[in-house]
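J.: Following the hints, complete the assembly by docking chain B onto the known chain A.
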Amino acid sequence: MLKLSEVCLTRNSNHLLTDISLTLPAGEITVLLGPNGAGKSTLLGLLAGLQSPDSGCVHLKQQSISEIDPPLRARFLAMYTQQQPLNFPFRVAEVVALGCYPLMLSPDLLASRVAACLAQFELQALAQRDYTSLSGGEQQRVQVARVLAQVGAECQVLLLDEPVSEMDLKYQQLLLQHIRAVADSGVAVCCVLHDLNLAAQVADQVVLLQQGEVIEVGAVATVMTAAKLSQLYGAAVTQVVSDPWPVFVSGP
Amino acid sequence: MSHRKAVWGIGCLLPLMILLSLLIGPTSLDLTTIFDDSVASQVFWQLRLPRLLLTLLAGGVLAITGAAAQSLFRNPLADPGLIGISAGAALSAGIMMVLLGSSVYWLGGLMLPLAAFGGGVLTTLLVARLSLTMQGVSVTNMLLCGIAINAIALAGLGGLKYMAADQQLRQLSFWMLGSLNHSRWQDLLVLLMAVVPVLWLLPRYGQKLNLLLLGEQQASLLGLDVMRCKRVMILLIALGVGAVVALTGIIGFIGLIVPHLVRLMIGPDNRRLLPLSALLGAALLTFADIISRILVSPAELPVGIVTALVGGPFFLLLLTRRQRELRVC
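So the sequence lines, in the order shown, correspond to chains A and B.
Here the first sequence is numbered in my numbering, starting from 1 and rising by one per residue.
Here the second sequence is numbered in my numbering, starting from 1 and rising by one per residue.
Quick caveat, the hints were computed from the structure, so don't treat them as lab data.
Small disclaimer: the values here were computed from a predicted structure and weren't measured.
A hint or two may mislead.
[What the hints assert, rightly or not] Taking beta-carbon pairs under 10 Å as the criterion, some of the chain A residues facing chain B (in silico): (1) E67; (2) D69; (3) Y80; (4) N87; (5) L98; (6) A127; (7) Q143; (8) L159.
[Stated by the list, open to error] Over 10 Å on every C-beta distance to chain B, these chain A residues come out as not near it, computed from the model: (9) L22; (10) A26; (11) Q139; (12) D204.
[As the list claims (entries may be wrong)] Here are the computed distance ranges between Cβ atoms for each label pair: (13) B:L317 with A:T132: 14 to 22 Å; (14) B:W200 with A:P25: 32 to 40 Å; (15) B:Q207 with A:T10: 33 to 41 Å.
Here a beta-carbon is modelled for each residue, glycine too, at the ideal position from N, C-alpha and C.
Next up, chain A with everything else stripped away, as it sits in the complex (with noise of 0.2 Å):
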């Protein structure tokens, strides 16, 4: 369980987040929603200890999350972030076991995971492939998988910055349906999504985040209606079903 408490955070006199206090639970999967520039991966950041809030403290399991080693917080937590910038020809199984980096395995042990986590993303035949000359969804699909990798037996939260935004239908269901499977094995994990349907199907809790503050932070149910996304987003939203999930297509 990932705690954070009266967080606020101001760069170059800019309130990036304010007095946000928000709860991850272990095994359930929090969608975060919002508008472009509403503080999404600044969050997402804070929650991973990438940087340290100006104010109010992050905590996973009573423990400061920026006073964790990092070699061990490496192995507590792992995150997909939007910029991947490498450049250079790494063949697509060296990506994915880069991110065994942190569990130490042993060879034998490092081939399997690794051939295991190309497999859950159907990447067996893009495995010798050089990385670089990959389309953009494929790129996504091997850094998601190389992420994925990274969660070990220890591992306690996930946190994935829009993973699905250039992966086709087919792979959008397949990454729903692993991250639900990390969930169930009691990792807390954080999403971001523009998707309202994906977020809709696969979320327990959704968290609105406007201008840096947490608007509203509850069940599907509740928090997504089409009156509150509209007003999230500043551009109407229609539900057009709700069962077993809401639907919702944007105009009136």
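T.: Frame of chain A, contents of chain B only:
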């Protein structure tokens, strides 16, 4: 090409180059007479062998630091020569030489390498600072920074020439061209002290450099202490380049070409790239040295001219390839 084939290829090339380097020169050498009390023996022990060792160490260190710098800056064009580290080191050592005159050999000849190291650290920090933008490492900034530092260093060294006495002038001139002529056993000892930690430690950072290639955020998330790793890398690169520059002057392009060739053979994994770059760098600089000795025999060209003649066009080729890739993207 498989890793094993590359190791075999480089493993065969290096001894061949070593043998050729020992045999080729104005005096023909019979290796069976090197333990006699003869001219051949003197040529071997006082000229060829120390020169060969200097060449091997310089080539190895320039190539391995080039490979490390490319991973540190996450850019395959980041050669310590191109981005100004060598020039900064040379300027610093040049200033020391002209200002101190003959006192430069104090501390058992450590003054020059120390000065070069200091200059190397400063320029590496400067390049690192100026090339880092909000979006990550900017290649344009990095290369422009290199141009500026190279220009400043060249102007500085030119100015020093006016101030220098005759003996210093000759020393300065060799620096600006890069030469392996300055190979005495006592200098080699100093060089060895500086580069052993570099050659020993850099390959141990192979996997950490691989993580850095994923981006600093990802490297940090994978458990790497990014700041510490970068600091160690900068110190090792500056130490290696500084020590080599103090003895040989600026030998360009080895740090650019060699890691590129090795990457073409075995891919970008730094765990293998770094040691193999060191071996291939040693072999290729030895080859360049042989060329520099036979082209205008019995005189010799500064080896920096040979590496620049080969390296310049190679760099242009890389740029055109990169441009084509960008156009495709």
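J.: A separate judgement is required for each hint: does it hold in the structure or not?
T.: Quick rundown of the hints versus the structure:
Interface hint at A:E67: violated, since its Cβ lies 14 Å from the closest Cβ of chain B, which is beyond the 10 Å cut-off. Interface hint at A:D69: satisfied, since its Cβ lies 8 Å from the closest Cβ of chain B, which is below the 10 Å cut-off. The restraint placing A:Y80 at the interface with chain B holds, with a minimum CB-CB distance near 9 Å, inside the 10 Å limit. Below 10 Å, beta-carbon pairs count as interface contacts, and A:N87 has one with chain B at about 7 Å; its hint therefore holds.
Satisfaction of the interface hint for A:L98 is found here, the shortest Cβ-Cβ separation to chain B being roughly 6 Å, below the 10 Å cut-off. Taking 10 Å as the C-beta cut-off, the interface hint given for A:A127 is violated, the closest approach to chain B being about 13 Å. Interface hint at A:Q143: satisfied, since its Cβ lies 9 Å from the closest Cβ of chain B, which is below the 10 Å cut-off. The beta carbon of A:L159 comes within 9 Å of a beta carbon in chain B, closer than 10 Å, and the hint placing it at the interface holds.
Chain B leaves A:L22 outside its interface by the beta-carbon criterion, the shortest separation being 20 Å against a cut-off of 10 Å. Residue placement check: A:A26 keeps its beta carbon more than 10 Å from all beta carbons of chain B (closest about 20 Å). For A:Q139, the non-interface assignment is confirmed: its Cβ lies about 12 Å from the closest Cβ of chain B, beyond the 10 Å cut-off. Separation of A:D204 from chain B is adequate, the least Cβ-Cβ distance of about 24 Å exceeding the 10 Å criterion.
Range check, B:L317 to A:T132: Cβ separation about 19 Å, and the 14 to 22 Å hint holds. Between B:W200 and A:P25 the C-beta distance comes to about 48 Å, which lies outside the given range of 32 to 40 Å. Under the hint 33 to 41 Å, the C-beta atoms of B:Q207 and A:T10, about 37 Å apart, fit the expected range.
Checked against the numbered hints above, the structure violates hints 1, 6 and 14; every other hint is satisfied.
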